[in-house]
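Modelling step: build the complete structure from the supplied sequences, incorporating the hints.
There are 2 protein chains.
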Amino acid sequence: MSASRRYAPELVTDLYELTMAASYLREGMIREATFSLFIRDYPPDRAYFVCAGIEDLVETVTDLNFSHSSLEYLSSLEKFPREFLDYLRRFRFSGTIRAMPEGRIFFAQEPILEVTAPLIEGQILESLILNTIQLETLIAGKAARCVHAARGRGLIDFSLRRTQGIQAGLKAARGSYIAGFLGTSNLMAGEWYKIPVFGTMAHSYVTSFPSEMDAFVAYARAFPDNTVLLIDTYDTLSGARKAVQVAKRMRDEGKQLVGVRLDSGDLAELSKQVRAILVGEGFPDVMIFASGNLDEYKVEELVRAGAEIDIFAVGTRMGVSADSPYLDIAYKLVEYDGRPVLKLSAGKKTWVGRKQVYRSRDGEGKMKEDRLALAGEKVPGAEPLLETVVEGGRLVHPLETPATIRERFRQEWEGLPPIYRELRPRHRYPVSIGAELGALQEKTIREKSLQEID
Amino acid sequence: MSASRRYAPELVTDLYELTMAASYLREGMIREATFSLFIRDYPPDRAYFVCAGIEDLVETVTDLNFSHSSLEYLSSLEKFPREFLDYLRRFRFSGTIRAMPEGRIFFAQEPILEVTAPLIEGQILESLILNTIQLETLIAGKAARCVHAARGRGLIDFSLRRTQGIQAGLKAARGSYIAGFLGTSNLMAGEWYKIPVFGTMAHSYVTSFPSEMDAFVAYARAFPDNTVLLIDTYDTLSGARKAVQVAKRMRDEGKQLVGVRLDSGDLAELSKQVRAILVGEGFPDVMIFASGNLDEYKVEELVRAGAEIDIFAVGTRMGVSADSPYLDIAYKLVEYDGRPVLKLSAGKKTWVGRKQVYRSRDGEGKMKEDRLALAGEKVPGAEPLLETVVEGGRLVHPLETPATIRERFRQEWEGLPPIYRELRPRHRYPVSIGAELGALQEKTIREKSLQEID
Chain G
2 MSASRRYAPE LVTDLYELTM AASYLREGMI REATFSLFIR DYPPDRAYFV CAGIEDLVET
62 VTDLNFSHSS LEYLSSLEKF PREFLDYLRR FRFSGTIRAM PEGRIFFAQE PILEVTAPLI
122 EGQILESLIL NTIQLETLIA GKAARCVHAA RGRGLIDFSL RRTQGIQAGL KAARGSYIAG
182 FLGTSNLMAG EWYKIPVFGT MAHSYVTSFP SEMDAFVAYA RAFPDNTVLL IDTYDTLSGA
242 RKAVQVAKRM RDEGKQLVGV RLDSGDLAEL SKQVRAILVG EGFPDVMIFA SGNLDEYKVE
302 ELVRAGAEID IFAVGTRMGV SADSPYLDIA YKLVEYDGRP VLKLSAGKKT WVGRKQVYRS
362 RDGEGKMKED RLALAGEKVP GAEPLLETVV EGGRLVHPLE TPATIRERFR QEWEGLPPIY
422 RELRPRHRYP VSIGAELGAL QEKTIREKSL QEID
Chain V
2 MSASRRYAPE LVTDLYELTM AASYLREGMI REATFSLFIR DYPPDRAYFV CAGIEDLVET
62 VTDLNFSHSS LEYLSSLEKF PREFLDYLRR FRFSGTIRAM PEGRIFFAQE PILEVTAPLI
122 EGQILESLIL NTIQLETLIA GKAARCVHAA RGRGLIDFSL RRTQGIQAGL KAARGSYIAG
182 FLGTSNLMAG EWYKIPVFGT MAHSYVTSFP SEMDAFVAYA RAFPDNTVLL IDTYDTLSGA
242 RKAVQVAKRM RDEGKQLVGV RLDSGDLAEL SKQVRAILVG EGFPDVMIFA SGNLDEYKVE
302 ELVRAGAEID IFAVGTRMGV SADSPYLDIA YKLVEYDGRP VLKLSAGKKT WVGRKQVYRS
362 RDGEGKMKED RLALAGEKVP GAEPLLETVV EGGRLVHPLE TPATIRERFR QEWEGLPPIY
422 RELRPRHRYP VSIGAELGAL QEKTIREKSL QEID
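Respectively, the protein sequence lines represent chains G and V.
In terms of my numbering, the first sequence is residues 2 to 455.
In terms of my numbering, the second sequence is residues 2 to 455.
Incorrect hints may have been included.
Said to hold, decoys possible - Below, computed lysine to aspartate or glutamate pairings styled on EDC-like, alpha-carbon distance capped at 16 angstroms:
hint	chain 1	residue 1	chain 2	residue 2
1	G	299	G	311
2	G	350	G	42
3	G	249	G	267
4	V	249	V	226
5	V	195	G	226
6	G	367	G	384
7	V	195	G	73
8	V	349	V	329
9	G	195	V	267
10	V	349	G	324
11	G	349	G	329
12	V	369	V	413
13	G	80	V	226
14	G	349	V	267
15	G	256	G	286
16	V	80	G	311
17	G	350	G	329
18	G	350	G	443
19	G	195	V	79
20	G	249	G	282
21	G	249	G	286
To be verified - Derived Cβ-Cβ restraints for the label pairs, each shown as a range:
hint	chain 1	residue 1	chain 2	residue 2	range
22	V	87	G	222	16 to 22 angstroms
23	G	154	V	363	54 to 60 angstroms
24	V	363	G	306	32 to 38 angstroms
25	G	288	V	427	41 to 47 angstroms
26	G	79	V	404	18 to 24 angstroms
Claimed, not checked - Computed footprint of chain G on chain V; a stretch qualifies when at least three of its residues, placed anywhere within it, have a C-beta under 8 angstroms from a C-beta of chain G:
hint	region
27	220–228
28	346–357
Don't read these hints as lab results, they were simulated from the structure.
The C-beta atom is built at its ideal place from N, Cα and C for all residues, glycine as well.
And the structure:
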């Protein structure tokens, strides 16, 4: 992320996490705590979330330690006592992380992840956990909407150039692949995650040649097995006619033009006209790619308008989740030293205690209801969603491949009732509260209100 | 960004950049090209941009090379001929980069940066340049709006937990500091950029203690010189009264409570009530911090309502530029081998040729008009904004500190006429077109239309 600076995940934190931790150490508050990560409410037009980002998180957490140079920096702030810096020097995460497997569909208020560890350890991880899980969960959810809108047509991630940073570009590629995209244009994501990579050509390629035809011919010469021509640089229909000429030359050499790409103008109308030209000239199999400010709403509109588009290249608006660029995600202390805790702040409800999410399905395997309950509560016939991924500071299972997670999401999607899949859903999935959790919550609120509010 | 994977800036690119480059090499198209980076139009409610991100970019570009493992990955794709992989193995950027200094204010259609280099080199950098400059320019602009809205009150960046990735968190801290924030909660940004760091405490801190009062006392014990108490965990006014008790105890020990923080409820009303409690008890100097879904609109509203807030802690909505999370930024080939080039695609105008931006000011130093012109055009009395930062692949000057850039932005801001500073501006800053640029543009459009459109 920088040529000259060292990435230090142990400093991916807000100052207050460490000042609080220093105070905990001073006060001897080193007992076990549980923190819950959850999304408070749905952004506009959302009725479900897609869990993603767990791998990156648990890899980082199980490897976390404070380097010499990070400790020097912290010492230079002149805020921390020597004993605390010594504590950090020895720091390794020793706790338990329970999380939903990536690719799971989940709902507002449900914990996606719970950390149970000595209080200081759980506190120090707060900012890192929030940042890591939010981004990929946000993108996977946005991409799932695009996949739904495309109704079986293919999608490719083209977002790298305008994501909020390079790391965000990687997560956009991974998140959208999990959600069902065919692959990405992003080479680093291709290398890291073994995601298929795709590409066509840019306008600069076309304009660098003396003529559009020269550019098309040169590209076909270089990549005869994978030629997709961008045809809107000067005029889309003129471009389509030139593409047909190239396709004919290729056919003479035993090759096939793979596709053409449209990137501007009225994509529905132009795609139909381009298809007519291609079919009329005997090339019904040449694919039509489309790009340009696409998102799930635009894709749905194009599909409804009968656009002749085989592959949607979706970029910026998916890669930054433009209509809703963040989630109201929170990481809250819910139990310390066996005592349930919560805050009463206006409009920011949190559920006390170490929890589990239980999912019930109907006879056809469709999700029927989730129950948010204490970890010890029993919900007969329901499936618990949180699984232990880190125990004693170590990974419990090897990490999964994005392809495995993608397949899990595909199955989850099959189980999601269609009313929640819509781009503008009008229903909320039912999440009920376990009897024991409800009772403990009420008792804690009552006691805290009496104790703290005058 | 990942515990187990190596960050490879040379792969921060879209596949097509390399397939196009491979074709250029095959065709012998290795002459000099110029690419322009510019923002097509303003997002809603914007009338200016703040240049940022140049440092990160030029550091990466001047250091760029293809590692053995990256070449192995590219080879594994079976798309590239051996000669091209050999070219990449020897790749070093050898060209020139002219850019606006960071902290400059600029406008739509103006090049922020131009790359002049052998065609392949300029092409390969496209995705990296777009991604790097867009994010920090986006955030610096958003943060400048918050600073304007705060009318002299202080601001701190609290965005790390919900930025779109960890890298985005770093850029949010740097960009907002350049725009005039006091500092950030983000420790890694503090270390990297030497930005002041700030922090208070979280609700988890308060809830982990048996009582709110215990938490406050413990914090004051650990950080007697820098105590800011979060008072809304259970009830803001009850919290304020407890804070007063702590302030009294601290005073007895010769210390001073620095501040209290509000994070929920009606911040304007609560801040006034809290101020009344503090003043009434003899603590007029205790600062009031406020946080919670703040952005420039909310800050302006609070200032107008006479909120008794000294420091705004601004997080998510600034850190992702929530109302407008991307810029319509483009990187376009404008000249190849001395020949001006452009595309004619609908709604996507680009200006041909290697350019300069000239700025004229009125007698009081206020910006009056910019002129977009060919690099060789003369505009008497106007200041050219693009400066050479990389020549022959090397940095021309040492990089600047964020503090220097922050001071430049402060001066720029002084020169920006107030009508463009507004949160909902109704005017557009005038950008005229140089006579030679205008003539070359028309000639190129005419010739290309005749040649390419049938």
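Unmet hints by their number, sorted upward, for this structure: Checked against the structure, the hints that fail are numbers 3, 5, 9, 10, 16, 24, while the rest are satisfied.
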